[in-house]
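Trainee: Quick note, the sequences are listed as chains C and Y, same order.
In terms of the numbering used here, the first sequence has 44 at position 44, counting the first letter as 1, and numbering is strictly consecutive.
Just so we're on the same page, the numbering used here is the position in the second sequence counted from 1, plus 1000.
Worth double-checking, as some hints may not be accurate.
[As the list claims (entries may be wrong)] Here chain Y is said to cover these stretches of chain C; the calculated rule only asks that three of the stretch's residues, wherever they fall, bring their Cβ under 8 Å from a Cβ of chain Y:
id, segment
1, 27 to 33
2, 39 to 52
3, 89 to 103
Read the hints as simulated data drawn from the structure, not as lab findings.
Backbone N, C-alpha and C fix where the C-beta goes; we use that ideal spot for every residue, glycine too.
2 protein chains.
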Amino acid sequence: MADHNALPLVILAEKFASLPGIGMKTAQRLAYYVMSMPEKDVAEFAEALTDAKKKVHRCKCCQNLTEKDICTICSADDRNNSIICVVETPKDVTAFERTREYMGVYHVLHGLISPMDRITPDKIRVKELLSRISEGDVKEVIMATNPTVEGDATAMYIAGLIKPLGIKVTRLAFGLPVGGILEYADEVTLFKALENRNTM
Amino acid sequence: MADHNALPLVILAEKFASLPGIGMKTAQRLAYYVMSMPEKDVAEFAEALTDAKKKVHRCKCCQNLTEKDICTICSADDRNNSIICVVETPKDVTAFERTREYMGVYHVLHGLISPMDRITPDKIRVKELLSRISEGDVKEVIMATNPTVEGDATAMYIAGLIKPLGIKVTRLAFGLPVGGILEYADEVTLFKALENRNTM
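Looking at chain C on its own, in the form it has when it is part of the complex (with noise of 0.2 Å):
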């Protein structure tokens, strides 16, 4: 904005354009809006936002983000604690739980291995998956993170350190999206789709 703006107002939409996504043109929006907002109605966005960030934490066992020492996952009586199905980000749990069929536990590693990026395995959380493999009777692994080249090498890397435990280590199927149409698969997509055939 320029400098006839209101100070206040300028400084609100470079927080909002600080938001991924979020361009300066949509961050001046936003903060027109703001304006327009009952106070109360600010007032509660505000706090949301401080609350979330103090409240919220990783769950000391599966790392995934909760306002308690153990998520509700982690400590609730009717999930099967010797399945852990690993993902990259919370929002992996939360694309599970939408399923509603998978009845196991999670792991969050809060990251991918990438030297590209230097992100190393000690800069993702595999010692405290390690460490609950450790303690626990884990039966499988079920290795959930995407299919990309830092998803695959940090399944395989984990895998490694998983296997010689004498646990059984998955990886995800691979194939066509359910509704997705033939013609407009990828390649490596519909050759992972041919070579995991299955009877009918």
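Dock chain Y against the given chain C, drawing on the hints supplied.
Mentor: Structure of chain Y alone, referenced to chain C:
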């Protein structure tokens, strides 16, 4: 977010989703991003929100948003107070200021007359414009509302009130946008461009 998510995160995502143009998916992404921000930055963001709402109000003269009693444009020595550009929103002031050509002052209506949405002339800042005109030495009022049904109707309505006072009332020129391609111009714009053609 599903109920396995930390409550403060769910609340924060809902706050983001209440902003215009931000869906639930983006709101969740932003909430997760806030978790990765340093606590200091989050506190500053929260403060910027409440600050903007508390400190910014409408200029007593032109109704534009400002943190002072009289905004920087109205109080500037180098602005021509005898020309008032009437706009719908503070965003429009920003747009005109970007041209760096207009040296008059503004009047922000904070809305347009729209009987369908029950916005009558008394709901927007027409009264304040009239009292400004009655007090000061105004020579020209430029109606710079959008070229929409509501924008045109508001411009016509206000012009009808001001013209009898013997003040010149003008409307922004409509025509081809600079850099635009004739082939893609809509019929009404093209007709306006033809109608308002200038001698070269």
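Trainee: Hint by hint, work out which the structure violates, then give me just those numbers in ascending order.
Mentor: none
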